[in-house]
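*Asks:* The residues making up each chain are set out below.
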Amino acid sequence: MSDFLINYILHLADTTLILSQRNSEWCGHGPILEQDIAVTNISLDLLGQSRNFYQYAASLIGEEATEDSLAYLRKEREFKNLLLVEQPNGDWGQTILRQYLYSQFQYLLFEKLQQCNDEQLAAIAAKSIKETTYHVRWSSEWVIRLGDGTEESHNRMLKAIDELWRYTGEMFEPAGYETIVDVSLLKNDWLQKVRSIFLEATLPVPEKVFMQSGGKEGKHTEHLGYILTQLQYMQRAYPGATW
Amino acid sequence: MVTAHSIEEKKIWSVLETVTDPEVPVLTVTDLGIIRNVKINAEGIEVIITPTYTGCPAMDMIAMNIRLALVEQGYKKIKITSVLSPAWTTDWMSEEGKRKLKEYGIAPPNPKQQVCNDKLFAEAEAVQCPHCNSHHTHRISEFGSTACKALYQCDDCKEPFDYFKCH
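Residue numbers (my numbering), protein chains in the order written: chain A, 1 to 243; chain B, 1 to 167.
It is worth saying that the hints were derived from the structure and are not from the lab.
Be careful, since some hints might not be right.
Straight-line distance between alpha carbons at most 20 Å, and here's what the computed SDA-like set of lysine to any residue pairs gives [what the hints assert, rightly or not]:
1. A:K75 / A:L185
2. A:K187 / A:E207
3. A:K130 / B:S145
4. B:K119 / A:R145
5. A:K130 / B:A122
6. A:K130 / B:L151
7. B:K10 / B:R67
8. A:K187 / A:V205
9. B:K119 / A:R195
10. B:K119 / A:K75
11. B:K158 / B:Y104
12. A:K193 / B:A122
13. B:K119 / A:S196
14. B:K119 / A:L191
15. A:K130 / A:R145
16. B:K119 / A:E200
17. B:K79 / A:S59
18. A:K187 / A:E173
Hey, can you work out the whole structure from these sequences and the hints?
*Replies:* In structure tokens:
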């Protein structure tokens, strides 16, 4: 049971860490200053959430585990993040869509998680959902703005959907350790929300797409390795370095 | 009843009232409402704090500054515990804190929050300009220089300003 719990917490921690890392790549490159700040603010929120999850996992693992050792010294196959969040930023539209698809899911997940029996997980979820509400609103507005914008922005959103939709199925397929919240029950609510936003954005909701999975079990797309190379470089090159 | 214990506790609170937020230096940690409790027991003293935002990078520094302030006053065994529940809210900010924020040029959180709902394209909340007191202001960005702020501009005096947004 404890192993299940640790793996589940690591799954939550890894997912928020990797999306944070991806969003942080926009730092200094956003389309305009305010949106550069917005996406990096979201990155910071996600990093804070991942730290809370890692700290909790480290306390359960005991021994030498710390939030840093869990983030910096685990290998690709040990990471349990969703495939969706490791996908490249692409253009602004793809980053926005990735954020929206995930934030909409995270909101529904944390709504349930804050009521679970595990006090610490419930506390982290209750704290984080305030931030997630902001993320959902910001990213939904952008999905609508771009989808229902110019021909160029609309076409880019279509391409982003084509790129990312195949990674959304995994969110609702419970891994063996995922026993605290039944994610399969969140699918309908999620789809309904996405449908209403896509409708306003004049974007189609794809049907019959083959869904990729494996991230929760450590089987990743080629991108994760590159992310970790950058993320973990300092600790790998200079073990134990602090400043 | 006034006991040695409660006098000591008061003394600790008065030390905490001197510790300021590194990002918003006019606010003390007690103004912000992030000190949740102070406990004195045989092992020493324990200060219980809660973060404003989960990713707030100032929290580690705030914890260190609290420790330093207490050490300066001769306290030795100090434990600082961070708790997440119940989650911090701007409602815990003191009236004094809100007044100081405005004086500093940051619009304090509105008593009745409108921006924290999930309605899309909601009209920007009417926030009073901290410089000229006009309500003719508009939101430039939902995200500002730190996680806790949004960026506004006054339509009358034209000054841009930070708004300490609801949470």
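*Asks:* Would you mind confirming whether the straight-line C-alpha gap from K130 (chain A) to S145 (chain B) stays at or under 20 Å?
*Replies:* 19 Å, holds
*Asks:* Between K119 (chain B) and S196 (chain A), does the CA-CA distance stay at or below 20 Å?
*Replies:* 13 Å, holds
*Asks:* Under the criterion that the straight-line Cα-Cα distance not exceed 20 Å, is the pair K119 (chain B), L191 (chain A) satisfied?
*Replies:* Holds, at about 18 Å.
*Asks:* Going straight from one Cα to the other, do K130 (chain A) and A122 (chain B) come out at no more than 20 Å?
*Replies:* Within the cut-off at roughly 17 Å; holds.
*Asks:* Quickly compare the C-alpha distance for K119 (chain B) and E200 (chain A) to 20 Å and report which way the hint goes.
*Replies:* OK: K119 (chain B) and E200 (chain A) at ~14 Å, within 20 Å.
*Asks:* Quickly compare the C-alpha distance for K79 (chain B) and S59 (chain A) to 20 Å and report which way the hint goes.
*Replies:* Status holds; Cα separation ~17 Å.
*Asks:* Just to be careful, I want the Cα atoms of K130 (chain A) and L151 (chain B) compared with a cutoff of 20 Å; is the pair within it?
*Replies:* 19 Å, holds
*Asks:* Please work out if K119 (chain B) and K75 (chain A) have their alpha carbons no farther apart than 20 Å.
*Replies:* 41 Å, violated
*Asks:* Verify the proposed pairing of K119 (chain B) with R195 (chain A), using a straight-line Cα cut of 20 Å.
*Replies:* 16 Å, holds
*Asks:* Does the structure keep K130 (chain A) and R145 (chain A) at a Cα separation of 20 Å or less?
*Replies:* Violated: K130 (chain A) and R145 (chain A) sit about 23 Å apart, past 20 Å.
*Asks:* Does E173 (chain A) sit within 20 Å of K187 (chain A), going by the straight-line distance between their CA atoms?
*Replies:* Roughly 9 Å separates the two Cα atoms, so the pair holds.
*Asks:* Check the hint pairing K10 (chain B) with R67 (chain B) against an upper bound of 20 Å on the C-alpha distance.
*Replies:* 17 Å, holds
Taken one by one, the earlier hints fail for this structure at numbers 1, 10 and 15, listed in ascending order.
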